[in-house]
Amino acid sequence: MISDEQLILYYYRDGLSKQHLEEISMALEQDAQLAERFSMLSSQLGRLEADDEVAAPAPAMRRWHNSLDQLVVSEQRKPSPLAWLWQSFQSGFAVAAAAVLVLAVGITIGLNLPDGLNNPNQGFEAAESTDSFASGLRVFLQETEMQLAGLDYDNTAQRQALITEIISRNRMYQLAAQNSSDPGLARVLRAFELVLVSMVNEQSSDADIEAARAQLVFELTAMQTKLAHVSSKQVPQL
Amino acid sequence: MAALLKTTTTPTLDEFHAALDNCGDRWYSVCLKITRNPAYAEDAVQDGLMTAWSKREQFHGSAKLETWIHRIVVNAALQLLRKNRPQIWQPLEEDFAVEPVTPVDARAEQEMGMELAAALEQLSEFERVCFVLKHIEQWRLNEIAESLETAVSNIKQGLFRAVRKLRISMAEWRSEL
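Here the protein sequences line up with chains A and F, keeping their order. Taking this note's numbering, the leading residue of the first sequence gets 1, the next gets one more, and so forth. Taking this note's numbering, the leading residue of the second sequence gets 1001, the next gets one more, and so forth.
Isolated chain A (complex conformation) (with noise of 0.2 Å):
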C-alpha cells in the first residue's frame, strides 16, 4: 500500500530511492485507484503554485534602490586602513578615555567594596547598563536631530566634520546595538549611516544634501517618539 506521504514525496521526486521512484511509478501504472489518488493531489498542489506574485510597496522598493546607490557611496568612501585608524583615534579618544576611566572607578570602588556589596545583583546591573543605553541614545538622537537642523550649507568643511562626527557616534551605537543582539535598532541605524555618508559625498548638490537631511530628521523624530514609548527599563526593539 503506497501512502500519501509517499505519494507527495513522488509528486516533487524528492527524499525517495530511485529504486522507489520507479516502483511507485509502476504501481500508478497498474492501480487505477492510486493513480486517482494521486491525480487529485498532484491537481490540488498544482493549484497552489505561486502565480500570485505580490507588488512590493512604491517606498520599499525606492528604499532597496537608494540603498544600494549609498552602499556604493560609503564604499568609495572608506578610507584606507590607516587613515581609519588615525579617524577612529581621533573621534573615539574623548569616549575611550571617559570609558577607561569608569572602568578604573569601577574596579577601585569594587576592589574596596566589602565582601557582601562586592557580589551586585546582575539582574539589576543588566538593568541598569540598559537603561543607561537607552537615555545615551535618546540623547544622541535629540543632538543629531538639533546638529542637523542648524547644519551650515556655507561651510563644506565644518559640515562634513560634523556629519563625520555623527557617523562616527551612529556607528558606536550601532555596534553596541548588534552586541546587545537588538538586530532591528542596529539596521536602523545602519539606515541613518548610509543617509549620514550621502551628505558628505561630494557628489552630492546641496539640493540632494538638503533632501537627505530632511529624510534623516523625519527618521530621527519617528525613533525618538518611537522611544519614548518603550519602558525606560528596557532596550527598544526596532
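Keep in mind the hints are simulated off the structure, nothing from the lab. Just so you know, even glycine gets a beta-carbon here, dropped at the ideal spot from N, CA and C. Zero decoy hints are in this set.
Each computed EDC-like pair below joins lysine to aspartate or glutamate, with the alpha-carbon atoms no more than 20 Å apart:
| id | chain 1 | residue 1 | chain 2 | residue 2 |
| --- | --- | --- | --- | --- |
| 1 | F | 1055 | A | 69 |
| 2 | F | 1165 | A | 49 |
| 3 | F | 1083 | F | 1146 |
| 4 | F | 1156 | A | 5 |
| 5 | F | 1055 | A | 75 |
To give an idea of the interface, some chain A residues facing chain F are shown, with a C-beta separation under 7 Å as derived from the structure:
| id | residue |
| --- | --- |
| 6 | 8 |
| 7 | 14 |
| 8 | 15 |
| 9 | 44 |
| 10 | 53 |
| 11 | 54 |
| 12 | 60 |
| 13 | 61 |
| 14 | 68 |
| 15 | 71 |
| 16 | 72 |
| 17 | 183 |
Where chain A lies over chain F, by a calculated footprint (3+ residues, C-beta under 8 Å):
| id | segment |
| --- | --- |
| 18 | 1009-1022 |
| 19 | 1026-1032 |
| 20 | 1161-1169 |
Mind docking chain F on chain A? Use the hints.
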C-alpha cells in the same frame, strides 16, 4: 566570446538595479510568504540585497544574477525569522498549534492574494516555511534541512503536515463554494 567574458565579470551597480526592477516584486512576494509579515519581508529584501552586493565578487555567472540574489534574499528572510522568533525551529511536537491571526498577518494576507494566503494561514510557522521552500521555491529537502539546521526527516514531517492541512482547507473551500 564576449558573452563568455561577461559571465565571469563581477556584476555592476546598474545590473543590481536592473535585477531589482525585474525581480523586486518576486523577492518581496516570497519573503512575504515566508515571514507573513510585510515589515520583515521588506527588511529581508534589503538585507539580502546588501549581502548580495557585498558578496558580488563571488557571483560567477553560472546562474542569472536575479536567481543568485533571489536565493540570498530567501536566506535573509529565514535568518530574520529565526532571529526574531527562534522558537519556530523547535521540536515538531510543539509545532502543531496554528498561531492566532494578528493584524500584521491580515495585512500580509491582503497583500499576498487570498487563496494561497488563506491556505498558508492554516499552517504553523515551521510547516509554512517547509512548504514554501519545497513547493514554491523548489528547494531539495536536504537543502531545506541544512538551511533550517534540522534533520531531513523533520522537514518531511513538516511538509506532510502542511500538505495534509492544505488539502483539508481546500476541500472545505470547495464545499463552501
